[in-house]
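Just so we're aligned, residue 200 is where the sequence shown starts under this note's numbering, counting upward by one.
Treat the hints as calculated values from the structure; they're not laboratory data. Hints may be right or wrong, so weigh each one.
Only pairs whose alpha carbons sit at most 30 Å apart, straight line, appear in this in silico DSSO-like list of lysine-lysine [said to hold, decoys possible]:
| hint | residue 1 | residue 2 |
| --- | --- | --- |
| 1 | 321 | 261 |
| 2 | 312 | 284 |
| 3 | 307 | 261 |
| 4 | 312 | 329 |
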Amino acid sequence: MDAYIRVGIGVLILQNGRLLLGHRVCSAADTGGIYEPDSWCLPGGKQEYGETILEGAVRETKEETNLDINDLQVYSAVDDLQPGKHYVTIQVIARACSGTLCVMEPEKQDEWKWFPVDQLPKNIYTPSKKFIDAYLRTQKQDYLQEVRRKETL
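Between the sequences and the hints, there should be enough to build the whole structure, so can you do that?
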């Protein structure tokens with residue numbers, strides 16, 4: 200068992216009502232023991248010593264997808280507890296990106312795909328799914344509050 204906490208970064212990239220997910224092909228050994236076969240995940244990875252959270256989000260996204268992200272916001276931080284592992288994952292939202300999407304690390308993902316937020320695949324990697332679900336719940340609540348506010352005017 201590791202006696203330390205690792206810091207990870209997950210990046211939710213939104214573009215034109217779509218969300219970017221990568222299809223995981225890496226093994227448990229490649230991921231430090233955290234693995235869900237045939238699942239879809241957000242871009243992300245471990246924060247490196249000396250870099251800020253947003254620098255890490257930009258770097259990981261570029262390394263995995265070849266995209267340059269901007270309009271970034273730290274959304275939240277969550278504990279990802281796995282047997283023998285403890286990660287704190289910083290969740291970052293990117294509302295804009297540029298560049299040509301491509302698979303940069305074929306040993307980790309074999310495909311990157313844009314999904315409409317209302318047509319997401321069922322088999323989403325658990326830490327990514329928690330982030331996506333929380334974000335979409337918040338967006339729905341914000342929308343409903345705005346509708347109610349307008350109805351009372």
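Tested hints:
no.	hint	verdict
1	321 - 261	26 Å, holds
2	312 - 284	29 Å, holds
3	307 - 261	14 Å, holds
4	312 - 329	19 Å, holds
The structure is consistent with each of the numbered hints, conforming to all of them.
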